[in-house]
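Chains as they are written, first to last, in our numbering: chain A, 3 to 412; chain B, 2 to 248.
Please keep in mind that the hints were generated in silico from the structure rather than gathered at the bench. Remember, predicted model here, so these are calculated numbers, not experimental data. Treat the hints loosely; a few may be bogus.
Claimed, not checked - Below are the SDA-like pairs computed for lysine to any residue, each with C-alpha atoms no more than 25 Å apart in a straight line:
hint : chain 1 : residue 1 : chain 2 : residue 2
1    : A       : K180      : A       : D135
2    : A       : K180      : A       : G109
3    : A       : K215      : A       : M176
4    : B       : K90       : A       : T317
5    : B       : K90       : A       : R330
6    : B       : K90       : A       : R410
7    : B       : K90       : A       : Q402
8    : A       : K399      : B       : D79
9    : B       : K90       : A       : V407
10   : A       : K399      : B       : H18
11   : A       : K399      : B       : T180
12   : B       : K90       : A       : E274
13   : A       : K399      : B       : Q82
14   : A       : K399      : B       : M19
15   : B       : K90       : A       : M176
16   : B       : K90       : A       : K215
17   : A       : K399      : B       : T104
Unchecked claim - Sample of chain A residues facing chain B (criterion: CB under 7 Å; computed from the structure):
hint : residue
18   : I18
19   : V20
20   : G199
21   : D203
22   : V326
23   : G327
24   : L403
25   : A408
Don't be surprised by glycine CBs; every beta carbon is placed ideally from N, CA and C.
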Amino acid sequence: MNVLANLLVALRALRINVLRSALTMLGIIIGVGAVITMVAVGSGAQDRVSAQIRSLGANLIIVFNASSRDGRARLGAGTTYNLTEEDAEALTLIDGVVLTAPTVRGGAQVVNGADNWWTAIQGVTTDFMAARDWELVAGRAITEEDIRAGAKVVVLGETVAKAVFVNSDPVGSMVRIKNVPFDVVGVLAKKGQNSFGQDQDDVALVPLSTARKRVIGANLQTRPTGVAQILVKLQDGADAKVVEEQVTSSLRQRHNIQPGAEDDFNVRNLSEIMEAREASQRVLSYLLAAVASVSLLVGGIGIMNIMLVSVTERTREIGLRMAVGARRRDILLQFLVEAVTLSLIGGIVGIGIGILASALIANLAGWPTLIEPLSLVLAFGFSGAVGVFFGFYPARKAAQLDPIVALRYE
Amino acid sequence: MSDEALIRTRNLAREYHMGDSVVRALRNVSLEIGRGEFVAIMGPSGSGKSTFMNLLGCLDRPTAGEHWFDGVDVATLDTDQLARVRNAKIGFVFQSFNLLPRTSAIDNVEMPLLYSGLAPDTRRQRASERLARVGLAERAHHHPSQLSGGQQQRVAIARALVNDPLLILADEPTGALDTRTGVEIMAILQELNARGTTVVLVTHESDIARFARRVIAFRDGEVRADDRVAERHDAAAQLSAFPGEAA
Chain A
3 MNVLANLLVA
13 LRALRINVLR
23 SALTMLGIII
33 GVGAVITMVA
43 VGSGAQDRVS
53 AQIRSLGANL
63 IIVFNASSRD
73 GRARLGAGTT
83 YNLTEEDAEA
93 LTLIDGVVLT
103 APTVRGGAQV
113 VNGADNWWTA
123 IQGVTTDFMA
133 ARDWELVAGR
143 AITEEDIRAG
153 AKVVVLGETV
163 AKAVFVNSDP
173 VGSMVRIKNV
183 PFDVVGVLAK
193 KGQNSFGQDQ
203 DDVALVPLST
213 ARKRVIGANL
223 QTRPTGVAQI
233 LVKLQDGADA
243 KVVEEQVTSS
253 LRQRHNIQPG
263 AEDDFNVRNL
273 SEIMEAREAS
283 QRVLSYLLAA
293 VASVSLLVGG
303 IGIMNIMLVS
313 VTERTREIGL
323 RMAVGARRRD
333 ILLQFLVEAV
343 TLSLIGGIVG
353 IGIGILASAL
363 IANLAGWPTL
373 IEPLSLVLAF
383 GFSGAVGVFF
393 GFYPARKAAQ
403 LDPIVALRYE
Chain B
2 MSDEALIRTR
12 NLAREYHMGD
22 SVVRALRNVS
32 LEIGRGEFVA
42 IMGPSGSGKS
52 TFMNLLGCLD
62 RPTAGEHWFD
72 GVDVATLDTD
82 QLARVRNAKI
92 GFVFQSFNLL
102 PRTSAIDNVE
112 MPLLYSGLAP
122 DTRRQRASER
132 LARVGLAERA
142 HHHPSQLSGG
152 QQQRVAIARA
162 LVNDPLLILA
172 DEPTGALDTR
182 TGVEIMAILQ
192 ELNARGTTVV
202 LVTHESDIAR
212 FARRVIAFRD
222 GEVRADDRVA
232 ERHDAAAQLS
242 AFPGEAA
């Protein structure tokens, strides 16, 4: 008896008891649906964290100015400019550092006629875009030339560009910042919110030299090359911990900080924080999938239960089939195919429900969900395996019946 | 067709172990059933006739003795080979019909062919031809619950015939039927026998046994009598004598 004929027999048997078959499948449907949904929620969250890491710029260490002490008065962080462009230059010599990008920062109104927008003005060097893995959607980036000349050019973040150029093309136009006219030379690609909910596109980039001269004032008088922060981009595979230590010791030395004294700067490895968050996210999604798998297991036990009942109910049928020439393996196959058919149909319906539930969660709760094709294939294969595993024992029980006893069974 | 007997047993015995005691259900049965015979096996319950039937049907194995069926020593066959023999050479008819519930008559008849490895078209064609032979062509798609007892037994006979067996084993085929329907079933069996099929019938009614040509009586696991039937009943003739129209 071939598998196709077996499949027909199995389908016929399942159709005779539609309600029971449907209820039996329900366990698998719920199990597979739960696994698909949980994995989708888990990988959606993980995917978002990964995207945030990417938007931050991969392999990035950020050095800030720390609060400084003036006698017994502690000033707020970043109020003084302990870091300089020379520091940034020096940090590039450290092993594992690809490039460094010193920046200064200030707030200002960006004005285009009647449209204006308050934004963060960042004074940057040419390496800034590479450090942040940032792309342009239009125009050009800030060049070495611009920085040397203190050119009045600006690259607008997406949010700013949209705010002050409602209907027109920003590139080639002019905006006023602190009453100084700037040529808009480029527009940045959209990065979206960072992990702290901040709009990263609410920014305007100008040459570092221009920012010092035109946008940010006072404090720089005492330190003409002072910067607010230095982005340190690491090589792929560089050990962030080691580089971090070297950055710290290099800066302490350059700033003449005595042993035991506090740093006048802070080093943050943001991607490390994010990676830790990603890892915990991953653990959480594994946990969700594990909990969901338990219901799949329960569904499998349900199949075994019903198959055992079915074997007992159909003892005479089994005896009859053996009498008319079914071999033990035909009977085994018949009941195994029945169990696997139950679990596979349950698996298919469960996949559908899982996809639907993921879409619902994404729409109603606003959580990102991500369904990977591999997880569907796995769910399908796994539900088949559940059918084989839990169907085998009842099928073997059926196949080992004695036809004479089975035929007389009441 | 060879001259050799279809069934030949020599000192056939079957014992069951029940706890410490041994039940000798069958002992020293040596007989031959030739091709084309119509044999009735009689005996009270516990006489060993059911055990003998199970052995003849290749459903069971003897604990001692020989059993040759169609020239093959059954003892040499493994479980799968026995299944093949049952499938290809033996047709079973049971007292309680043993039809699959909620399954159409034609599907019931076709069922043994699923294990013969025939193409679906051939299976269907053969099943409907056998149904027609027992006069149930119009009921092919009825479920057993929609058929009368006699019709159900006719479906069961069609199922037994579907593989053109050498031997039909009928175990109390009329036990669950009224007299008239019982005679109808016997008419079908007699007709099959007339066409050359060997029929072995188990019954405890001597009236039914007289439709056969030969009666073998069992008692306490042994053959007590083996006689030719002197005045054989003719089922077809009896049917026409029944008042009313034949079904």
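Query raised in the report: For which of the previously enumerated hints does the structure constitute a violation, in increasing order of number?
Result: Checked against the structure, the hints that fail are numbers 1, 11, 12, 15, 16, 19, 20, 21, 24, 25, while the rest are satisfied.
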